[in-house]
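A.B. asks: All chains, please: the whole structure from these sequences, using the hints.
Each protein sequence line maps, in turn, to chains A and B. If you want the working numbering, it's the 1-based position in the first sequence plus 159. If you want the working numbering, it's the 1-based position in the second sequence plus 4.
There's no promise every hint is true.
[Said to hold, decoys possible] No more than 20 Å apart at the CA atoms, straight line, and that leaves these computed lysine to aspartate or glutamate pairs for EDC-like: (1) B/Lys222 x A/Glu166; (2) A/Lys217 x B/Asp225; (3) B/Lys363 x B/Glu335; (4) B/Lys210 x A/Glu240; (5) A/Lys411 x A/Glu446; (6) B/Lys36 x A/Glu240; (7) B/Lys70 x A/Glu272; (8) A/Lys217 x B/Asp217; (9) B/Lys65 x A/Glu240; (10) A/Lys217 x B/Glu237; (11) B/Lys70 x A/Glu240; (12) B/Lys65 x A/Glu446.
[Said to hold, decoys possible] Selected chain A positions facing chain B (in silico; Cβ < 7 Å): (13) Gly212; (14) Thr227; (15) Ser238; (16) Asp241; (17) Gly243; (18) Ala266; (19) Gln293.
The hints are simulated quantities; they were obtained by calculation from the structure and are not laboratory data. Every value quoted in this text rests on a predicted model; they were computed, and no experiment measured them. Don't be surprised by glycine CBs; every beta carbon is placed ideally from N, CA and C.
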Amino acid sequence: MDLPEEEFIYPGTRACAGCGMALIYRIALKALGAKTLVTVPASCLTVLHGMQGFCSTKVSVYHTPFATTGASASGILASLEDKGLADEIIVLAFAGDGGTTDIGIQALSGAAERGTNFIYACYDNEAYMNTGVQRSGSTPLGVRTTTTPEGKDVHKKNMPKILEAHGIPYVATANAAYPLDLFEKFKRAKEVKGPKYMHILSPCPPGWGYEPKDTILIGRLANETGFWPLYEVINGKFELSKPSKKYLDSSKRKPITDYLKSQKRFKFIDETTRKIYEEYIEHVWNEIKGRLENQ
Amino acid sequence: MTEIEEIKTNINEDLMILTGNHAAAHAFRQAKVGVISAYPITPQSPVVEKIAEFISEGKLKARFVKVESEHSALAVCCAASATGSRVGTATSAHGLELMYEMLPWAAGNRLPIIINLATRSLGAPWSVWTDHSDFITIRDVGWIQFMCENNQEIYDTNFQAFKIAEDPRVFLPVIVAYDGYILSHTMMPVKLENQEKIDEFLPPLKHHINLSDITQVKGIDPVTTPHVIKRAEGTAPGYYEYRYALQKSLESSIDIIKEVHDEFARKFGRSYGNGIYKTVQTEDADTIIYAMGSVASQARVAIKQLRKEGIKIGILSLKLFRPYPWDDLREFFKNIENVIVFDRDIGYGYEGVLSYELKSALYGLKDRPNIKGFIVGLGGRDVTTEHITTGVHRALNEFKQGLSTNKTDFLGLKLDELYDYDESTYFTRG
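C.D. replies: So, in structure tokens, the structure goes:
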């Protein structure tokens, strides 16, 4: 499959070299097209969009305060309905993990519960990167951030599951390192009526501590070790996505150590924490197996 | 025709008996608001209940986004306004405080959003009764702020608010406030105007921002630096220039507020002073009671008694609280001898806000009046005629002795009834 050639982000944005989010955003807009209206809270994407009076994208962008992404999408949709334009324009909310799992969770939950017809994409770089790498509810266990100098003491929040519990028609996980899978998921989400939630792992060179050239490599390791499985839940039906399918067989998975050793943020992880990681991954996959068998 | 039948024929069929909240809801209906978003809070809730009823009965075509908090309510309003719809909401006290982050956002974005505020005191401790604490705490965020004294005024001020907010010379959000319970839940006759006349007065919104025009590819509210930025594509103002424009718009809006008020008065035959403040028996007065909303209403009763005592007293009831009508107040008070201010609020750590702002506004006047401020009626404590007359007597006595102080003076406190309360010293210290 070929991705559309048209770009919706102008060259030369303010994103860091090797930014996973920039890649995700580029693919998302290719899938959704020119008639997309984006709402964005305070985040790295605010930086990518550029400064005063100039915008690095070809689509309309509304910047909204940190906690209000979900509500702003509802507001835009309500106004589009008021003007009879709701069927013509796609509303995309694009927020980071802090803006989604922490400060924005209430507004997102409200928008999901109200059935707002929008796509909410959370690009998960697993900490507050834009403000200088502070821990978020989505930071994994053991990760060193500026507010967890000895490593975070709890696992990351399972946000896709929380959204699934809202009974919305489309939930998916994705990964910046699998652009075709990502593209197809945005395409599918576009066709579904109602709230759509996508949680996308977004490797971050400065925040995670690796070379910018390795973003795809690191993202792939997250999948290959079984740490971040890719799946979709469409109208309640769970489906494992192609790039993750073979890791149902635990013997196919790479050791988690490969992932943990590839990034400086994991530097404090000791043998005990490594074992907890192995158990965590086992638990995640057992749950997936259970779901596949029971539906 | 019998006497009763004659009365009936004189009743205007548009005259309804409405609470303040329902007067606000009818105004939203007739202003043809496109998007409403609100969260329930006492004593505002009947506004949005009534709006929901209008929508379900097909009397209003608005989209009503029923959100999970007031923070989201105003976030919805901001986004919907930026997408080009006429929008509004209603709230009280803690709801307004939860909206706080979005208030300067709406002003900075120059979004013509209307909030109806049924005033209520701020916890702790919990109180659902009125004072003006919620209203005054948002005075520095860039909204136009009106205070109303009766239900007809609530209805009328809403149309003026939309017209002012949407004027291309203004483009600012407006808050229309009225005392919780005292107006929000009290029924009064309200004349509802003919829809065609309302439509003539308030044509559809022509917005300066319209996100739904997706050929307009500029990002709204990107990061804006302290600098003016020049690029090949053009020059962009810095944050400082944006905020300068906001302030200048507020300053110049006073003339437009008067203009819209006068236009409304000519069209509908009802006026509210000069649209900035209302006066009662001020023509021959040397002493003025200065207050807002429910307090000014109560003073209307009190001055009858004070006049009988021979005091040449009148009332200035402030309708426009922000932008602060500095020029108008200086002009009005320049020949007045005494001003007694009754604040149903406190700028905690200083004194009543109306009081200290008036002192500041009159600074430098050649013959500045004596000014004394009182605190009254916090948390819904009744403001009685006796409180007002006591305040006026005490103030005039102090002025005679040449006393002047900014120290707060509370009327209607009942500390003497707390003598056997466990923590009585906590309440009586100082």
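A.B. asks: Decide, hint by hint, whether the structure agrees.
C.D. replies: Status of each hint after checking the structure:
For the proposed pair B/Lys222 and A/Glu166, the alpha carbon gap of about 16 Å is at most 20 Å, so the pair holds. Under the criterion of a C-alpha separation no larger than 20 Å, the hint pairing A/Lys217 with B/Asp225 is consistent with the structure, at around 16 Å. For a cut-off of 20 Å, the pair hint linking B/Lys363 to B/Glu335 stands: about 14 Å separates their Cα positions. About 17 Å separates the Cα atoms of B/Lys210 and A/Glu240, which keeps this hinted pair within 20 Å; it holds.
As the CA atoms of A/Lys411 and A/Glu446 are separated by approximately 18 Å, the hinted pair is consistent with the 20 Å bound. About 15 Å separates the Cα atoms of B/Lys36 and A/Glu240, which keeps this hinted pair within 20 Å; it holds. Under the criterion of a C-alpha separation no larger than 20 Å, the hint pairing B/Lys70 with A/Glu272 is consistent with the structure, at around 10 Å. The straight-line distance between the Cα atoms of A/Lys217 and B/Asp217 is roughly 13 Å, inside the 20 Å bound, and the hint therefore holds.
Distance restraint check for B/Lys65 and A/Glu240: the Cα-Cα separation of roughly 11 Å lies within the 20 Å cut-off, and the hinted pair is therefore satisfied. Distance restraint check for A/Lys217 and B/Glu237: the Cα-Cα separation of roughly 15 Å lies within the 20 Å cut-off, and the hinted pair is therefore satisfied. Taken as a hint, the B/Lys70 and A/Glu240 pair is honoured in the structure, with Cα atoms around 15 Å apart against an allowance of 20 Å. The suggested pairing of B/Lys65 with A/Glu446 is violated, with an alpha-carbon distance near 47 Å, which exceeds 20 Å.
Annotation: interface hint on A/Gly212 holds; nearest CB of chain B at approximately 3 Å, less than 7 Å. For the restraint placing A/Thr227 at the interface with chain B, the shortest Cβ-Cβ distance is roughly 4 Å, inside the 7 Å limit, so the hint holds. For the restraint placing A/Ser238 at the interface with chain B, the shortest Cβ-Cβ distance is roughly 3 Å, inside the 7 Å limit, so the hint holds. The restraint placing A/Asp241 at the interface with chain B holds, with a minimum CB-CB distance near 4 Å, inside the 7 Å limit.
Look at A/Gly243: its Cβ only gets to about 10 Å from chain B, farther than 7 Å, so that hint breaks. Because the closest C-beta pair between A/Ala266 and chain B is about 5 Å apart, less than 7 Å, the hint holds. Given hint, A/Gln293 at the interface with chain B, is violated; its Cβ is 19 Å from that chain's nearest Cβ, farther than 7 Å.
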